[in-house]
Structures are given as structure tokens and as C-alpha cells.
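Participant: Listed below are the residues making up each chain.
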Amino acid sequence: MGEVAVHALRGIDLEVRHGEFLVLLGPSGSGKSTLLNIIGGLDRPTTGQVFFKQLDLAAASDRQLTLYRRRSVGFVFQFYNLIPSLTALENVALVTEVVDDPMRPEEALEMVGLLDRKDHFPAQLSGGQQQRVAIARAIAKRPEVLLCDEPTGALDAATGVTVLQTIDRINRQLGTTTMIITHNAAIGAMADRILHMRDGQIAALENNASRKPPEEIQW
Amino acid sequence: MTQGSVLTRKLVRELWATKGQALAIAAVVAAGVAVFVMSTSILQFLRDTRDTYYDRYRFAHVFAQLRRAPRTLEPQIAAIDGVTMVDTRVVADVTIDVPGLEEPAAARLISIPSGRPPRLNAYHLRRGRQPDPAHGDEVLVSEAFYEANRLQLGDSIAAIINGRYQRLRIVGVALSPEYVFQIRPGALLPDDRRFGVMWMPRQHLEAAFNMEGAFNDVALRLQPGSNYEEVLDRLDLLLKRYGCTGAYGREDQISASFLDDEIQQLRGMAIIAPMIFLGVAAFLLNVILSRRVQTQREIIAALKAFGFGNSTIAMHYLATAVWITAVGAVVGTLAGSRLAVGLAQLYSEFYRFPHFEFHPDLRSIAAASLVSLAAAVGGAGRAVWQAVRLMPAEAMRPPTPARYHRSVVEVLGLSWLFPLPLRMILRHLQRRPLNSLFSVLGIAAAVAVLLMGNFSPDAIHYLLNFQFEVAQRHDVQVVFEPLASHAAIHELKSLPGVQYVEGFRSVPVHIRRGHRKHRTAIMGLGRERRLYRLLNAHERPIRLPPEGLVLSDALAKRLRVSAGERVEVEILDGRPGTYILPVVGVAQEYAGMNAYADIDALHRLLQEDAALTGAWLQVDSLANRQLYQHLKHTPRVGSVAIKKATMEQFKATIAENVLTMQAFNVLFAAIIAIGVIYNTARISLDERARELMTLRVIGFSRWETSAMLLGELAVLTCIAIPVGWAVGYSFCYAMVQGFASEQFRIPLVIHPDSYLQSAAVAATAAIVSGWIVHRRLEQIDLVEVLKIRE
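So the sequence lines, in the order shown, correspond to chains A and B. Per this note's numbering, the first sequence starts with residue 1, numbered consecutively. Per this note's numbering, the second sequence starts with residue 1, numbered consecutively.
Hints are computed from structural coordinates only; laboratory data are not their basis. For glycine and all other residues, C-beta sits at the position ideal for the given N, C-alpha and C. Each hint should be verified, as a subset may be incorrect.
[Claimed, not checked] Label-pair distances were calculated between CB atoms; the ranges are:
#	chain 1	residue 1	chain 2	residue 2	range
1	A	216	B	17	46 to 52 Å
2	B	702	A	209	43 to 49 Å
3	A	54	B	663	34 to 40 Å
4	B	768	A	216	56 to 62 Å
5	B	664	A	64	47 to 53 Å
6	B	704	A	54	23 to 29 Å
7	B	312	A	20	54 to 60 Å
8	A	54	B	419	32 to 38 Å
Produce the complete structure using the sequences and hints provided.
Facilitator: Here it is as C-alpha cells:
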């Protein structure tokens with residue numbers, strides 16, 4: 001059996017503005033994760049260009065991509081991916097120790113409302129709390145881009161709202177450019193723009209006149 | 001398709017997918033089984049061959065030397081209860097001049113009945129023919145001496161026989177069970193070039209030493225189960241007035257006791273090493289199978305839900321362990337048997353056994369298979385039990401997330417000492433304390449194996465240096481025949497190159513304390529003692545007071561006597577009665593079991609004028625050639641020993657063996673260390689893949705990420721090295737306690753280089769394993785790992 005070329009993405013042309021809040025919607029296999037991975041410097045497109053400021057991510061070396069992720073990108077994952085052997089505070093400190101001009105780890109935990117749990121290990125926290133620690137870890141370096149892959153995918157609705165509130169507040173207070181991937185169309189209401197993806201292409205780009213606060217979102 | 005065949009496919013595919021780990025474990029098993037099969041086969045071979053040799057050539061059970069007794073005594077000796085055979089001989093030690101050898105050598109002449117081997121202590125004629133009684137100059141020589149000096153049949157050797165210079169012609173070459181180890185009397189090291197055994201017809205030897213109708217050496221064979229001690233006492237009593245130096249049994253016969261010591265040492269190797277290897281293998285099987293059951297919870301649950309029985313599932317996981325072990329056991333058995341054949345041949349040549357017959361020891365192969373199967377079952381047990389106990393519904397739920405706690409050092413308030421990555425490592429190690437402990441013990445075992453391997457050469461080196469450089473500083477030892485006066489010292493001083501001479505008196509004695517008795521010699525030493533010093537354990541000279549005895553530490557220990565107490569001394573030169581002497585000191589010695597006294601005190605005790613047994617010479621090596629020429633032709637010199645030549649020969653023999661042994665030790669240690677470290681790292685990589693990939697995603701470089709994983713190996717290895725040193729040291733201590741023969745005690749000395757070398761091998765194994773795991777870490781797809789729910 002020969003290799004078959006699969007085009008996860010085709011003909012994407014997108015510009016994301018500084019400080020913008022963007023939600024990517026689409027079914028499984030629509031290419032939204034691949035797009036986020038390319039923007040996050042985890043993957044390179046086979047052809048084309050991706051610019052973060054002056055840096056072409058499509059042509060960057062592994063080293064450049066590592067530095068880009070370290071300095072400029074904050075990641076939030078569906079399954080939190082905290083380091084189980086580190087406490088909440090230490091999970092945040094792990095990142096702040098290796099970047100220039102980070103927040104204090106306590107400050108980042110304060111922003112997600114978990115300073116009182118700073119000495120807890122991940123196994124001692126609920127799912128929502130773990131995800132908020134993950135957000136604190138992502139923002140503590142003061143990233144320019146915050147990328148969230150199904151941040152509420154593993155959470156119940158009430159907890160999901162708290163997590164979304166946290167992301168929303170970060171975006172507003174710090175002006176961090178934020179992109180969220182989700183299956184959940186309702187979440188689109190809190191974004192500046194909604195990107196609908198299908199079969200590796202942008203099916204539609206929708207502008208919201210106003211952003212709805214997360215607590216008003218129902219699903 | 002049956003249930004079994006599907007599970008078999010799963011088994012085969014999983015084995016293939018984890019072939020690196022499986023191979024590493026199989027190698028550990030193979031090493032253990034190989035050592036076991038090899039050493040037990042060799043042990044059996046040596047015992048069988050020794051016993052056959054002793055039996056076929058009627059090696060005696062009891063020996064005694066005396067001054068001279070009439071052969072008419074023979075019936076009385078034969079009448080001792082338990083004696084089945086008596087053989088009397090004339091035995092004499094003489095100085096010889098070997099063609100091509102600059103130094104004088106020594107030979108032991110043994111009388112044989114005309115034209116045939118003796119009844120007891122028979123020899124095996126390797127080549128040539130029996131000496132013709134009609135020719136007084138024909139001799140057989142021992143093969144080791146013959147080969148070491150590259151002699152030919154028909155060659156002549158000059159000997160000083162009872163003061164007369166005589167040529168002896170070699171007509172045959174022989175082997176004897178009495179001289180498997182050929183060591184000259186009074187010497188501690190074998191030297192085949194400078195000491196040989198020669199057999200010649202009795203009538204000529206009797207004539208040369210004025211021993212017609214008499215003997216000075218007797219050997220007995222006993223009925224099985226006879227009372228040894230009783231026979232020795234009866235024989236002593238019978239021969240005492242003929243100057244008997246004390247009868248002794250086979251266990252005190254020099255050659256036999258050296259051979260027994262060697263066999264004893266092998267026995268330790270046959271037990272300890274395989275236990276270490278199989279223990280490590282069982283631990284590794286436990287670790288990988290437990291991990292596999294953990295990750296396959298859902299599969300196990302599904303299988304149970306489909307109706308697979310507990311026993312089927314248990315057999316499935318057990319089979320993994322059994323297959324890995326079986327492969328190791330088969331390879332180990334083949335390798336061990338092959339090594340055993342080669343080694344048996346080497347041993348056979350080294351000991352010059354007349355017949356070579358080696359069969360692989362089927363019992364040891366069966367035992368090895370059983371023991372390794374037990375290790376497999378033992379190792380897999382916990383994992384199999386976990387699989388069996390798992391309820392289908394419970395297995396469908398995700399396992400409880402990994403719980404971590406602050407590590408001990410942090411609880412103690414020392415966290416500021418440890419940066420975050422190190423804290424992660426410590427907490428990870430502490431989460432599975434038993435696994436971490438066993439990993440440490442496994443690596444430590446490798447370090448200990450190396451340390452023990454290096455210990456013997458280190459100890460022998462120290463022993464040789466202490467005994468033959470620091471304590472005994474002479475170059476040449478001369479023994480007079482018969483005893484000489486002090487004038488002999490002046491004669492020796494006038495020989496070319498001789499710088500300094502010290503005479504000594506030596507007399508055979510029985511020393512008794514309570515019911516403990518030991519046959520040895522009292523050495524009478526002069527005041528000066530520049531060439532033969534008595535030392536304490538710190539290599540400092542100790543005092544030899546004008547009265548009383550100084551005992552070697554081993555003798556003092558054997559007699560349970562310490563300074564200030566008294567012993568009873570019986571002088572074995574035919575005189576009646578005993579003397580009570582105080583013990584005034586204990587000297588450190590690693591070879592021999594002597595007693596020492598002031599030479600004047602000894603003369604007084606023996607009621608003699610200053611008679612000397614021999615002398616030690618310090619020599620200018622530039623004049624060696626002339627000196628040796630003189631010594632070869634000096635009639636009064638009974639034998640000459642050149643210490644340096646003997647030492648060098650001995651060191652060369654050891655050096656050869658040591659290199660081979662060390663190569664094996666390094667190989668075995670590396671197999672253990674890599675087996676343990678690689679498996680520990682792979683399991684850790686498995687468990688932490690997600691965590692490590694998260695680190696990569698949030699901006700840590702490859703090396704920073706690797707460091708978190710490999711740091712764990714580094715910490716384990718760093719803890720394991722000193723533990724291994726301690727374990728190795730304790731094993732060496734046990735070996736020293738277990739091995740203490742009359743000839744040698746092993747000092748507990750390990751050279752700092754040996755510690756460094758063992759640490760270096762463990763560190764190298766860690767680095768190699770780390771490198772393999774690092775490569776694997778690089779191949780993991782960043783994005784894929786994050787998608788999977790733990």
C-alpha cells in the first residue's frame with residue numbers, strides 16, 4: 001500500500017489581529033486542530049507561509065519554533081496536561097523560570113482565582129480547577145497568543161463556564177490574542193469573530209457585533 | 001479462530017513491540033544461567049577428575065617425613081588400624097643446574113621401585129620410558145618442569161647429590177596426583193621453571209644418601225571411614241624416635257589443599273552470581289509486566305467481558321515472562337555449556353590431568369531451567385495477580401490519577417536546595433519507592449559484581465607486596481644441607497655480589513594449646529632482622545623479645561591464643577618431651593603459619609651451638625650470574641630460592657588470568673546495568689510521555705525535556721554506585737572470612753582504581769541507556785500524545 005497524501009488544510013488565508021478573540025468551529029476532521037497546531041508552532045505546513053510578526057513559522061527551524069512557543073504562545077489543552085508531580089504553584093513556576101519578564105506565579109494563580117490551592121497537586125484538584133491552573137500556566141509568561149484546544153471538552157457545563165470566564169477576562173485585561181477550538185457552537189457567541197471550518201477549508205468567517213459574556217452562554 | 005490463538009498473536013506482537021526491553025531482560029537471564037551452568041559443570045568436572053585422578057593413581061591419605069627409619073618398620077605401620085597400604089620412600093631435595101637457566105633450581109628426588117611406578121602416589125608416564133635400574137643416572141621428570149624449561153628426552157641435568165656433583169639423564173616425563181600444584185617445600189608460590197620433581201630407582205637414591213634398607217618418607221592409604229586422627233597419632237608415636245616431623249592428612253598436603261581451595265572458590269561463584277542475575281531479571285519482569293497490565297486495563301476488562309477466563313488471562317501475562325526467560329535460559333545454557341567445555345580444557349591443561357573427560361552436567365542444566373522458571377513466575381506474579389483481580393466494570397473506569405507527594409527532602413525543609421526539575425525527579429522516584437529501591441539495588445549489583453571481580457587481583461597484589469617486598473626483603477634464600485655453623489655466613493658474604501647476609505634457624509614443631517594443635521616450624525631470627533621483618537597490620541615492625549614466641553596472626557587465631565598466654569611446644573626431631581613457652585606477640589602475615597623466636601633463645605632451647613638452617617642474602621643484581629654459578633657448585637647449599645624470579649613468574653601467570661576474568665566481569669556487569677537502567681528509563685518514558693511532550697509544547701527544548709527523564713537515571717545511578725560499593729565490600733568481606741587456607745589469607749584490600757572502574761562502568765551503562773531512550777523520545781509525535789486521554 002503506497003502513501004496517500006491527505007490534505008488536512010487547503011487554501012487557508014487568514015489574518016488574526018492583535019488582541020482579537022477568535023473561536024474556531026467545525027466537526028471532527030475539519031482541520032481546525034491542524035490549523036491551531038501550525039499557528040502554535042507545533043507543526044509546519046507543506047506549502048505556504050505563516051507569519052507571526054516577522055517570523056515565518058513555515059520556514060522556521062525546530063529551535064526557532066521552540067523559542068517561539070516558549071516566549072510567545074500559551075497553550076491550554078482539553079485534558080489540562082499539568083505535570084502531576086508538581087503543585088499548582090510549581091506548574092506555573094516551571095514556565096516562569098525560563099522566560100523573560102513573566103508574572104509572579106502567585107499573580108497568575110490569583111488571576112484564575114486559585115491562589116488558595118497553590119500547594120495542591122493536580123490529583124488533589126477538580127477538573128475545572130486543573131484547567132484553571134493550566135490557564136494560569138499559559139498566561140504567566142505574558143504570551144502574545146493564547147491557544148486553547150477544546151478547553152471545556154472534558155468539563156461539565158457549570159465548570160466550563162468558569163473556565164471560559166477566566167479566558168475571557170485574560171483576553172480583556174491583558175490584551176492577549178486568543179483562539180479557542182471547540183465543537184460547541186454556543187461558545188462562538190463570546191468571540192470577536194467565528195471561523196467555521198469544513199474539509200480543511202474556511203467555510204465562513206462570521207463577525208460578532210458584540211461579545212456575549214460567558215455566563216450568559218447556554219449549552 | 002480459538003481464544004488461544006488470538007491471545008498468542010497479541011503476545012507475539014507485544015513481545016515484538018517491546019523487543020528492546022525483552023532482549024535486555026533475556027540477556028540478564030542468559031548471563032545468570034550461563035554462569036550457573038558453567039560454574040556448576042566445571043565444579044563437577046574438577047571434583048570428578050580430581051577424584052578419578054587420585055583414585056586411579058592411588059594418591060595417599062596420610063603422609064609423614066622423618067630422618068631415617070629401617071624398612072623393617074613397614075609391617076608395624078601396616079598393622080595400624082585402618083591402614084590398607086603402606087609405601088616407604090627415600091625423598092631428597094637437591095640443587096640442580098638446568099641447561100639454559102641462569103639461576104640454580106631445586107629438585108625433589110623421589111625413589112621408585114625398580115622399573116615400575118610405586119604402589120601409592122603412582123605417576124602417569126606421559127612420554128619416554130621407565131628409568132632402567134641398571135643405569136644409575138636415569139630419571140623421570142615432572143611435565144610442568146620439563147615444559148617450563150623446554151627440555152628434551154635425553155637431556156642431562158647436573159645435580160648436587162649429597163655433596164657430589166652428578167649428571168642425571170631424562171628418559172621420561174611423568175605426572176603425579178601428589179604434585180598437581182608443584183610447590184617447593186617452604187615456598188608459597190609455584191615456580192615450574194625453578195622447581196621440579198624427579199623419580200629415580202630406589203637403589204641409586206638409597207646409595208647416594210646412605211639410606212640402604214631405610215626410608216625417610218612414608219605414605220598410607222586408609223580404609224574408607226577410618227579414624228584419621230587416630231591413625232596420625234599412632235603413626236607419630238611409631239615414628240617419633242626416627243625424627244618424624246609430624247604425620248599429616250591429605251587436607252594438609254600442599255598440592256591437594258591448593259586444589260581444594262580453588263574448588264572452594266568456584267563454589268562461591270556458582271551460587272552468588274546467578275542469584276544476583278536472576279533476582280535482577282525477576283525484578284525487571286515485575287516492572288514491565290505490572291506496567292503492561294496497568295496500561296491494558298481496558299483490554300483485560302474487555303477480554304473478561306467477552307468471556308475469557310481468569311486462568312487464560314493469567315497464562316497470557318505469565319507467558320510473556322516465561323518466553324523471555326526461556327529465550328534467556330536457552331541462550332545461557334548453550335553459552336554456559338560452551339564456556340564450560342573450553343574452561344574444562346583450560347583447567348585440565350593447567351592442572352595437567354592425565355585424562356580429559358568432560359560431560360555437560362545435565363543436572364545443572366535442569367536446575368538452571370527450574371531456577372530461571374521460578375524467577376519468571378516470581379517476577380510476573382504480582383502483575384498476573386493484578387490482572388486476575390481486575391473486575392470488568394472497574395477496569396472500564398480510568399485509573400485513579402497519579403498521586404504525588406512532596407519528597408522527603410522537601411518535608412525536611414530542604415526544598416530550597418532543589419530546583420523544580422530535581423524536585424520532579426525526586427517525587428517521581430518516591431511515588432514508587434519499591435521500584436526505585438529495586439532499580440538502585442539492580443544497578444548496585446552491577447557495581448558490586450565489578451568490585452568483587454577486581455578484589456582478588458587487588459588483594460593478591462597487596463599480599464605479594466606485603467609479604468615479599470615489605471616483610472621479606474631478601475633477594476635469595478639459601479638452605480644448608482646439613483645444618484651449618486656461623487662460618488657459613490662469612491663464606492656467603494665473600495661470594496660475588498653479596499651485600500648482606502642474615503642466618504636463620506628453623507625447626508619443625510607441634511604447637512598445642514588445649515586440644516588445638518598445629519604442625520609448623522619455629523623460625524629463629526637474629527637481632528638485626530633487616531631482610532626478614534615481623535610486621536603488624538600497619539606494616540610497622542614489631543619487637544621480637546629475647547624470650548618467648550611471636551606467632552603469625554593466622555596461627556594465633558587457629559590456636560585461639562593471644563599475647564601473654566602460653567603454648568606447649570613439641571620439637572619434631574626425635575627428642576622426647578615438650579616445652580611451655582609464652583606467646584609474646586602476634587605478627588601480621590598473609591602467607592604461611594609460622595612461629596618466631598629469637599635465634600639465641602632457639603639455640604638454647606635446642607641445646608645446640610649456633611647451627612643454622614639457612615640464610616637470606618641481599619645481592620647486587622649486576623653480579624647475579626657469577627653468584628648463581630657459585631651457588632650451583634657449592635656442595636653445602638641444599639637449595640636456593642630466587643625470590644624475585646619466582647614472584648615475576650607468578651605475577652605473569654596471574655596477570656594473564658586477570659585480564660580474561662575482568663573482561664567477563666565487565667561484560668556481565670554491563671548486561672545487568674543496561675538491563676536495569678534501560679528498562680527503568682523505558683517504563684518511565686512510557687509513564688511520562690504525555691508530561692514530557694507537554695513540556696516540549698510549552699517551549700522546553702529537546703534536551704531540557706530529555707534531562708527531566710534522564711536526570712532520573714542519573715539520580716538512581718548516583719545513589720546506586722555507593723550502595724554497590726558497600727554491597728561489594730560486604731561480599732568481599734564474606735569471601736575473606738570464608739576463604740582462609742593454611743598457605744594464604746586474603747587481605748581485605750580494594751584499590752581506589754577498582755572503585756572508580758566499577759563506577760565508570762555503571763555510569764557508561766547509564767549513558768548508553770540514556771542515549772537510546774533520548775533517541776526514542778525524539779521520535780514521539782508531539783501532537784499525537786496530547787490527544788490521548790491518560
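Participant: Look at each hint and say if it fits the structure.
Facilitator: These are the hints, each one checked on the structure:
A hinted range of 46 to 52 Å for the beta carbons of residue 216 of chain A and residue 17 of chain B is consistent with their spacing of about 50 Å. A beta carbon spacing of about 46 Å between residue 702 of chain B and residue 209 of chain A agrees with the range 43 to 49 Å that was offered as a hint. Taking 34 to 40 Å as the suggested C-beta distance range, the pair residue 54 of chain A and residue 663 of chain B does not conform, at roughly 59 Å. For residue 768 of chain B and residue 216 of chain A, the Cβ-Cβ distance of about 60 Å falls inside the hinted range of 56 to 62 Å, so the restraint holds.
Distance hint for residue 664 of chain B and residue 64 of chain A: a CB-CB separation of about 50 Å, consistent with the stated range 47 to 53 Å. Range check, residue 704 of chain B to residue 54 of chain A: about 26 Å between beta-carbon atoms, so the 23 to 29 Å window is met. Checked against the hint of 54 to 60 Å, the C-beta distance between residue 312 of chain B and residue 20 of chain A comes to roughly 58 Å, which is consistent with it. Remark: the range hint 32 to 38 Å for residue 54 of chain A to residue 419 of chain B is upheld by a beta-carbon distance near 34 Å.
When the structure is compared with the earlier hints, a violation turns up for hint 3 alone.
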